[in-house]
Amino acid sequence: MRNSKPILLVEDDRVDAMIVKRALDELKVTNKLVHTSDGKEALDYLQNKDNRKPCLILLDLNMPKTNGIELLKIVKADDALKKIPIVVLTTSTQEQDVINTFKLGVAGYIIKPVDYIKFVEALRTVTLYWTLSESPSG
Amino acid sequence: MSLMRNISIRHKLTAIIMLTCAVILLLAITVFIVWAQINSRHNLIRDLSAHAAMIGDNCKAALAFEDAKQAKETLSALHVQESIVFGCIHTPNGDVFASYYRDKNGTTTERVDREVDISKIPKDSHIFAGGLLTVSKGIVLDGEIIGTVYLQDDMRRLHSALVWDIVVAVVILVSVLTIAYVLTANVQKLVSGPILSLTESAARIGKGELNHRVKIHSNDELGKLGESFNDMAQKLKESYTHLEEKVRRRTVELSSANEKLETEIVQREQAQKMLEERIKEINCLYSLSRLVEQPQITFEQILEKMPDLIRNAYRHAETTCIRITFDGIHYQTDNFEKSELSQYAPIKVHKNKAGAIEAYYIGEKGKNGREPFIEEEQNLLDLVAERLSGIAEHKKAEDKLAIFRNLIKQSNDCIFVIDPEWGRILDVNDRTCESLGHTREELLKTTIKDIDESLTDDSSWQQLTLKLKLKGEIIQEGLYKRRDGTTFFVETSLKLVSQKNESYIIGVARDTTERKQAEERQAGLIEQVESINRELRDFAYIVSHDLKAPLRGIKSLTQWLSADYADKLDEKGQEQIKLLLSRAERMHNLIEGVLEYSRVGREKENRIQVNLTELLPEVIDMVAPPESIAITVENELPTVECEPTRIRQVFQNLLSNAVKYMDKPQGLITIGCVEDGAFWRFSVADNGPGIEEKHFERIFQMFQTLTSRDKFESTGVGLTVIKKIVEMYGGKIWVESQVSKGSTFFFTMPKQEMGVNKNAKLKADIVS
Numbered sequence: 001m002r003n004s005k006p007i008l009l010v011e012d013d014r015v016d017a018m019i020v021k022r023a024l025d026e027l028k029v030t031n032k033l034v035h036t037s038d039g040k041e042a043l044d045y046l047q048n049k050d051n052r053k054p055c056l057i058l059l060d061l062n063m064p065k066t067n068g069i070e071l072l073k074i075v076k077a078d079d080a081l082k083k084i085p086i087v088v089l090t091t092s093t094q095e096q097d098v099i100n101t102f103k104l105g106v107a108g109y110i111i112k113p114v115d116y117i118k119f120v121e122a123l124r125t126v127t128l129y130w131t132l133s134e135s136p137s138g
Numbered sequence: 001m002s003l004m005r006n007i008s009i010r011h012k013l014t015a016i017i018m019l020t021c022a023v024i025l026l027l028a029i030t031v032f033i034v035w036a037q038i039n040s041r042h043n044l045i046r047d048l049s050a051h052a053a054m055i056g057d058n059c060k061a062a063l064a065f066e067d068a069k070q071a072k073e074t075l076s077a078l079h080v081q082e083s084i085v086f087g088c089i090h091t092p093n094g095d096v097f098a099s100y101y102r103d104k105n106g107t108t109t110e111r112v113d114r115e116v117d118i119s120k121i122p123k124d125s126h127i128f129a130g131g132l133l134t135v136s137k138g139i140v141l142d143g144e145i146i147g148t149v150y151l152q153d154d155m156r157r158l159h160s161a162l163v164w165d166i167v168v169a170v171v172i173l174v175s176v177l178t179i180a181y182v183l184t185a186n187v188q189k190l191v192s193g194p195i196l197s198l199t200e201s202a203a204r205i206g207k208g209e210l211n212h213r214v215k216i217h218s219n220d221e222l223g224k225l226g227e228s229f230n231d232m233a234q235k236l237k238e239s240y241t242h243l244e245e246k247v248r249r250r251t252v253e254l255s256s257a258n259e260k261l262e263t264e265i266v267q268r269e270q271a272q273k274m275l276e277e278r279i280k281e282i283n284c285l286y287s288l289s290r291l292v293e294q295p296q297i298t299f300e301q302i303l304e305k306m307p308d309l310i311r312n313a314y315r316h317a318e319t320t321c322i323r324i325t326f327d328g329i330h331y332q333t334d335n336f337e338k339s340e341l342s343q344y345a346p347i348k349v350h351k352n353k354a355g356a357i358e359a360y361y362i363g364e365k366g367k368n369g370r371e372p373f374i375e376e377e378q379n380l381l382d383l384v385a386e387r388l389s390g391i392a393e394h395k396k397a398e399d400k401l402a403i404f405r406n407l408i409k410q411s412n413d414c415i416f417v418i419d420p421e422w423g424r425i426l427d428v429n430d431r432t433c434e435s436l437g438h439t440r441e442e443l444l445k446t447t448i449k450d451i452d453e454s455l456t457d458d459s460s461w462q463q464l465t466l467k468l469k470l471k472g473e474i475i476q477e478g479l480y481k482r483r484d485g486t487t488f489f490v491e492t493s494l495k496l497v498s499q500k501n502e503s504y505i506i507g508v509a510r511d512t513t514e515r516k517q518a519e520e521r522q523a524g525l526i527e528q529v530e531s532i533n534r535e536l537r538d539f540a541y542i543v544s545h546d547l548k549a550p551l552r553g554i555k556s557l558t559q560w561l562s563a564d565y566a567d568k569l570d571e572k573g574q575e576q577i578k579l580l581l582s583r584a585e586r587m588h589n590l591i592e593g594v595l596e597y598s599r600v601g602r603e604k605e606n607r608i609q610v611n612l613t614e615l616l617p618e619v620i621d622m623v624a625p626p627e628s629i630a631i632t633v634e635n636e637l638p639t640v641e642c643e644p645t646r647i648r649q650v651f652q653n654l655l656s657n658a659v660k661y662m663d664k665p666q667g668l669i670t671i672g673c674v675e676d677g678a679f680w681r682f683s684v685a686d687n688g689p690g691i692e693e694k695h696f697e698r699i700f701q702m703f704q705t706l707t708s709r710d711k712f713e714s715t716g717v718g719l720t721v722i723k724k725i726v727e728m729y730g731g732k733i734w735v736e737s738q739v740s741k742g743s744t745f746f747f748t749m750p751k752q753e754m755g756v757n758k759n760a761k762l763k764a765d766i767v768s
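In order, the protein sequences belong to chains L and H. Residues 1 to 138 (the working numbering) make up the first sequence, in order. Residues 1 to 768 (the working numbering) make up the second sequence, in order.
Since the hints were derived computationally from the structure, they do not count as laboratory data. Computed from a prediction, not measured in an experiment: that's the story for all the values here. Using N, Cα and C, we set each Cβ at its ideal position, and we do this for glycine too. Please note: incorrect hints may appear among the correct ones.
Some chain H residues close to chain L (C-beta under 10 Å, calculated; not the full set) [to be verified]:
hint, residue
1, Ile216
2, Pro550
3, Lys555
4, Leu557
5, Thr558
6, Gln559
7, His588
8, Leu590
Please work from the sequences and hints to get the whole structure.
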């Protein structure tokens with residue numbers, strides 16, 4: 001990653017969160033991983049002025065309380081938050097989800113590989129990309 | 001009077017004269033006698049009163065001196081008058097002063113007669129009583145009544161005078177009548193004579209002696225009568241002669257008329273006979289007409305009855321026989337027998353000879369040297385033959401027509417004829433009446449506008465007719481109204497037909513209510529299926545997320561265990577970890593299989609023309625069979641319209657299976673295609689292990705595998721997915737196999753896939 005801002009993981013599944021964390025560790029990503037387990041919690045974090053804005057949000061879609069799509073809508077409607085790149089990390093293979101999320105301005109859509117090794121590979125690509133890509137400051 | 005009627009005029013005259021004389025005489029005599037009597041009475045009263053006065057005068061002194069003796073003497077003087085039978089003098093106080101009485105013998109006595117109470121007789125009066133005349137007379141002296149004289153007379157003079165008078169009268173009567181009779185007997189001849197002679201003449205003329213004339217004796221009325229009578233007789237004679245002449249002439253006329261009449265009768269009888277012959281012929285033709293008019297009669301039945309009818313029309317019916325031949329079949333009279341004398345008439349149907357009528361004379365020949373058959377009979381035969389020809393043609397046409405009519409009548413569709421101008425219904429079949437709930441008669445009074453809900457006004461009707469004139473035929477859907485107001489859906493075909501300068505619209509309407517209902521039901525079912533599909537999609541989504549998430553966790557954690565704690569696990573532990581991973585993998589494959597299955601038909605691709613000959617090498621490439629297995633395409637494969645991914649999936653799955661389960665060192669997989677009606681029938685044959693027949697159905701069910709998954713890693717979804725795809729295209733899939741020899745999977749695809757086959761898709765969805 002190009003900066004030291006935290007990566008916000010919105011994921012209700014603890015194992016999945018562990019997979020992400022382990023994969024990022026394995027990939028030697030030094031950015032802090034902030035884990036929130038649903039949309040509501042993520043929003044609370046994002047809207048808290050004391051917290052640093054994340055450089056990337058890894059977003060699961062199917063979550064209790066505020067789900068991924070709902071969170072997307074709120075974030076993209078918020079001027080302060082809508083610049084933050086969001087990559088969907090989900091199990092849903094629904095075409096409709098892909099379309100809907102891209103319409104809401106996501107930066108990417110990654111289907112969680114069942115195999116951990118493949119998972120690591122997927123995350124490696126994401127982090128590599130965001131190491132290469134410029135992202136809006138602030 | 002009846003007595004008078006029978007008496008001759010002579011006697012009548014005599015009798016009248018005699019009667020007249022007698023009546024006049026009797027009247028005269030009677031008057032005379034009565035007059036004499038009245039006169040006599042007056043005289044008697046006067047005489048007796050005079051006597052009484054005289055006696056009174058004579059007795060005054062005696063009374064004055066009460067000298068009864070004197071008085072008695074005076075009274076006794078009465079004896080000179082014989083007829084005075086009694087006399088007395090009473091004093092004023094009523095005592096008898098003196099009396100006188102004469103008995104029958106003429107002796108005087110003093111006996112007082114008690115027969116008449118004389119004291120009651122008033123003074124100076126008279127009374128007739130007891131055959132006596134009593135007279136009273138007062139005796140007056142110096143104006144004082146000193147007594148009363150009573151005298152009684154026996155009226156003998158009166159009686160004797162009457163007797164005498166009557167005797168004289170009778171004598172006169174008799175003598176006058178005698179004289180009268182003698183006179184009339186002679187005089188009446190003057191009158192009665194001519195009358196009698198007239199009578200006699202009249203009788204003679206009446207008996208026919210018209211030349212007799214009455215003799216005229218005088219110039220009086222009788223003479224005139226006689227003359228008139230003679231004139232009359234003369235005229236009678238003249239008119240009689242005239243009449244006789246007339247009668248003679250009339251008789252001549254009558255006899256000639258009679259002769260004429262007799263001739264006529266003879267002619268009439270001949271004509272009658274002729275007429276009877278003609279009537280026979282007419283009867284024959286009439287019977288034929290009646291036969292034809294019978295509604296159910298067949299032509300054969302008519303032919304059966306005709307020979308007898310024709311024979312009866314012949315003059316010599318007894319010795320004539322008839323035979324009709326039609327279509328090679330004979331219809332003949334019982335006495336049929338051929339002979340030399342015959343008549344013949346051909347029966348033609350549409351100008352082709354179809355039969356004939358023959359008549360044969362079977363009686364004795366040469367009867368009076370005349371031909372037994374006459375021209376009229378030949379004419380009859382010709383007429384009947386002509387008529388039968390017509391009937392045969394008509395019946396044939398009618399039979400054809402009846403088939404059509406039956407077809408229309410029995411039709412399950414409403415068939416009707418409408419007048420194109422006003423839409424009036426001209427004819428309908430039974431089904432129309434049934435469907436609309438109207439009787440035929442009711443429908444013939446209505447128009448299509450009353451039935452068809454879409455033709456509510458004239459303009460819509462005019463549009464329809466205009467369209468019909470342009471196109472000739474219209475097929476449209478509509479709503480028909482029944483008699484009870486309910487409606488039903490119809491598909492109507494209207495056709496404008498022109499026939500003999502007249503146009504009709506022939507309508508055929510089919511009740512599509514059931515079809516509509518079925519369509520609605522189908523739409524409902526599709527809706528239901530789609531909702532089930534949605535549920536399935538949701539289910540697939542949930543499965544994909546909710547089942548895959550924990551699986552991923554399991555797999556990741558296992559991998560971590562294997563990596564992080566490799567040094568702490570012994571070989572057995574490592575083996576178990578490996579097994580755990582492989583089961584998690586299998587579960588992942590199963591979930592993927594379900595997802596793939598659910599994706600078929602849900603995720604749509606555009607259908608394009610796919611050339612399978614080009615597609616198959618690619619598929620074989622992907623399957624990547626080992627070198628020991630040869631995959632060949634037997635013949636050229638067709639181009640089908642479908643989604644390329646799906647057809648690829650079908651072949652790929654089938655080929656993968658064949659490769660995967662191949663147990664022979666030299667594997668042979670052959671792909672073929674043949675035409676099967678409207679379908680292409682594809683086959684994928686292998687020489688693998690084969691499948692037991694009992695599994696033919698099971699292998700197409702989800703998650704069904706025939707071998708252990710540990711031996712052949714398989715989800716058991718592949719064939720299910722193929723089945724779903726094939727059925728979605730309206731095809732079928734099945735397997736033929738022999739254990740250890742190999743299997744052949746067949747599936748069909750329609751040649752022309754025109755759009756989405758809704759029903760097939762539906763079926764596939766329901767099956768899924």
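Checklist entry - Going through the earlier hints one by one, which of them does the structure break, listed in rising order? => result Hints 1, 8 contradicted; others consistent.
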